[in-house]
Amino acid sequence: MGDTFDVSHYLGVFIEEAKEHIESLEENLVKLEKEPYNQDLIQAIFRSFHTIKGSSGSMGFQQMTELAHLLENLLDRVRRGEVSVSSSLIDLLLQGVDFLKRMLEEITKKGQEPDWNMEEIFSALQDFRGEKEKDDSGEYWLTVKLASDCSMKGVRAYLVISRLQDSGIEVVNTVPSLSDLEGENFGQSFDILVRTALPPEEVVKIVGSVAEIERVEVKEGEKEKKNQIEEKEEKNTISPPGEQKITTNLKKTVRVDVERLDSLLNLVGELVIDRTRLEDIIQRLKDYQELVQFREILSDTTTHIGRVTNDLQMEIMKARMLPLAEVFNRFPRLIRDLARQSGKEIDFIIEGEETELDRSLLEEITDPLIHLLRNAVDHGIESREERINKGKPPQGKVILRAYQEENSVVIVVEDDGRGLDVEKIKDKVVGMGLVTPEEVSKMSEREIVDFIFYPGFSTSDEVTEVSGRGVGMDVVKRNIERVNGQVRVESQLGVGTTFYLRLPLTLAIIRALLVKVGESIYSIPLSDVVEIEKVEKKDTYWVNRVLTTLFRGKTLPLLWLEALLDSRKYNFISEDEIPEVLYTVVVSASSSLAGLVVDEVLGEQEIVIKSLGSYMRDVRGLGGATILGDGGISLIIDVASLLWKFSRAGG
Amino acid sequence: MPGRIMIVDDAAFMRMMLKDILTKNGYEVVAEASNGHEAVLKYEETRPDLVTMDITMPEMDGITAVKEIRKKDPQAKIIMCSAMGQQAMVVDAIQAGARDFIVKPFKPDRVIEAVKKVLGN
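Protein sequences appear in the order of chains A and B. Residue numbering for the first sequence follows this note's numbering, starting at 1 and increasing by one per position. Residue numbering for the second sequence follows this note's numbering, starting at 652 and increasing by one per position.
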């Protein structure tokens with residue numbers, strides 16, 4: 001009764017598993033291009049294709065099975081050394097993986113595989129011949145050092161290059177340039193970029209067969225650096241050495257619907273609220289002497305509930321955590337494609353991909369990261385010629401790094417490209433009428449650079465396919481700030497640009513400072529609070545119609561929280577309306593400080609963030625709501641957008 | 652393992668010096684020629700493992716001799732002997748198929764290094 005056997009309830013597992021394999025395939029294939037002789041990688045890729053073939057066959061997806069089968073066959077030929085790893089091979093394999101991916105998407109949507117004409121890819125896979133001589137595998141740099149008493153250095157260099165070419169090795173580039181080499185305009189050593197299928201040892205041997213050469217080194221940047229990183233990682237984490245770099249995704253796991261986790265976390269949130277309510281009741285019982293005994297019992301129980309909910313909360317949060325690798329692993333492919341498109345050479349390094357982050361955050365940061373990486377490749381890294389002229393290594397470097405710092409995760413996107421041109425930004429902001437030339441001249445470099453986050457801002461002169469449409473950095477910033485994160489940029493002209501994204505570990509529960517303004521209680525995320533100050537009226541000054549005070553030697557604008565949220569002009573306050581003492585919560589967002597004047601500071605509490613719901617979208621200044629111990633509702637202040645609102649209102 | 656070498660140079664002094672250096676290091680000098688024409692003929696006769704070839708010589712210069720010899724034996728291994736200032740000619744010789752070059756005044760170890768490398772030993 002084989003054909004009535006119902007496989008449909010395996011569909012979910014099949015899709016999940018196939019997706020994982022496709023992801024690791026993309027990652028491993030890109031890796032293979034750089035390490036064409038890595039047998040472990042070849043095996044891992046082979047196994048992934050094999051698994052997809054097997055499971056899609058069981059599900060009855062014939063086209064997919066056929067495709068996986070052809071991919072597996074091709075890999076088998078690679079494994080047996082019949083076909084060597086080349087860019088064109090990797091291109092074809094990635095193309096095949098793309099097909100698998102899109103088929104899987106269709107299957108996910110419709111439950112059955114699409115009826116596509118696959119002839120082209122099928123025959124491309126079947127007919128693939130390894131082009132042994134041309135366009136095979138890797139490029140790498142050689143450093144050739146001539147003997148110190150070498151005469152006719154130019155001819156020597158020429159001989160080295162022609163010897164390489166005679167051996168079928170393509171000389172892609174040299175530093176210094178060929179004409180400089182032949183004109184003897186160089187010191188004792190020079191660099192050659194070769195493209196060849198031969199392993200580096202062979203190439204070194206060929207160069208070494210020329211006389212009067214002291215040393216030949218392979219600078220295969222990629223390998224060296226990778227090794228260093230691996231060493232570092234092995235020091236930091238306890239994991240078996242060697243194989244862990246290859247993505248196999250074979251951890252023992254139970255698949256849980258994300259919605260289930262979400263609702264669990266919601267329930268824990270309710271428990272946290274109840275705990276707070278209990279604490280509130282205990283406080284109130286203080287007034288009843290005769291109930292002292294009950295109060296103690298209640299207090300004990302509440303403490304216990306508190307501990308348990310804390311643990312529960314932590315565990316569920318951990319269950320929601322995913323390693324950043326989930327997102328990062330897609331990027332080598334992205335960078336490879338971008339680099340090929342733009343004709344640049346990029347050394348892409350990922351560090352700290354094991355750092356974990358809440359699943360929902362992971363989704364939120366994907367687009368901003370793609371944007372930053374695209375910018376880095378497209379605008380950051382210069383063309384090869386430009387880099388060589390500047391005396392930089394022709395291969396640009398883009399680093400994506402993540403690490404945990406206390407209660408946040410920091411993601412760094414770094415490139416060694418041209419850097420941000422402060423003068424250009426100045427011209428642009430003045431041109432856009434954002435600030436006057438006088439104001440600009442007073443601004444720090446940091447403040448000027450921050451303008452790149454301004455809506456509609458772009459310093460790129462030309463618009464390319466991938467980026468530079470004038471939308472972007474402001475969206476990146478908004479997305480990150482929406483999840484209570486922060487973005488910062490550092491840049492040095494000609495040296496490179498670094499973006500820092502700081503993200504909370506989770507979205508759902510935060511510590512907050514409760515403040516009272518009029519009749520309402522507001523929650524200010526503690527991560528935004530710098531300090532609580534009691535400012536006396538005599539220490540305040542009017543600057544540009546904004547009441548300010550001095551805080552750590554800097555002027556601090558004092559903002560009436562109530563007025564701000566009401567969208568009233570903060571400067572309605574007249575001299576005699578100012579109380580003698582101003583309770584001020586000093587907050588910071590995107591490196592600007594402000595003081596929020598409140599009536600009363602109530603204290604610190606853990607709060608569960610509840611969304612305001614779709615009917616109240618885009619409430620600037622508010623980030624959500626929470627339920628307090630007494631059942632009341634407190635609105636959560638979104639400091640970043642509040643300050644943004646202020647700067648808008650202030651002009 | 653050393654090999655059989657032909658020395659081509661129009662100056663007897665240079666031939667003597669090179670011969671000394673080579674024989675002291677265990678190589679056998681199987682032929683000597685004082686111009687390119689003679690070199691081509693003697694190469695055919697003796698089929699040496701390696702040739703040291705001066706560039707400027709009467710009758711037929713070194714570069715033409717390299718071309719002629721390589722025509723007859725594409726595998727011929729030839730080291731150019733050049734004087735300072737002959738860069739362009741050395742490049743021509745390399746394009747014609749010379750495997751390496753040494754620069755006068757000769758330093759024995761440099762000569763031996765080049766010979767060894769070209770012979771692959």
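Keep in mind the hints are simulated off the structure, nothing from the lab. Certain hints may be false.
[Claimed, not checked] Think about it this way: if two alpha-carbon atoms lie no more than 20 Å apart in a straight line, the pair counts; the simulated EDC-like pairs of lysine to aspartate or glutamate are: (1) A:LYS145 <-> B:GLU719; (2) A:LYS426 <-> A:GLU438; (3) B:LYS768 <-> A:GLU214; (4) B:LYS768 <-> A:GLU217; (5) B:LYS722 <-> A:ASP166.
[Said to hold, decoys possible] Computed footprint of chain B on chain A, listed as stretches where at least three residues anywhere in the stretch have a Cβ under 8 Å from a Cβ of chain B: (6) 142-153; (7) 201-214.
All C-beta atoms, glycine included, are put in the ideal place defined by N, C-alpha and C.
Hint check:
no. : hint                  : result
1   : A:LYS145 <-> B:GLU719 : 33 Å, violated
2   : A:LYS426 <-> A:GLU438 : 11 Å, holds
3   : B:LYS768 <-> A:GLU214 : 13 Å, holds
4   : B:LYS768 <-> A:GLU217 : 18 Å, holds
5   : B:LYS722 <-> A:ASP166 : 17 Å, holds
6   : 142-153               : holds (count 3)
7   : 201-214               : holds (count 5)
Going down the numbered hints, you'll see the structure goes against just number 1.
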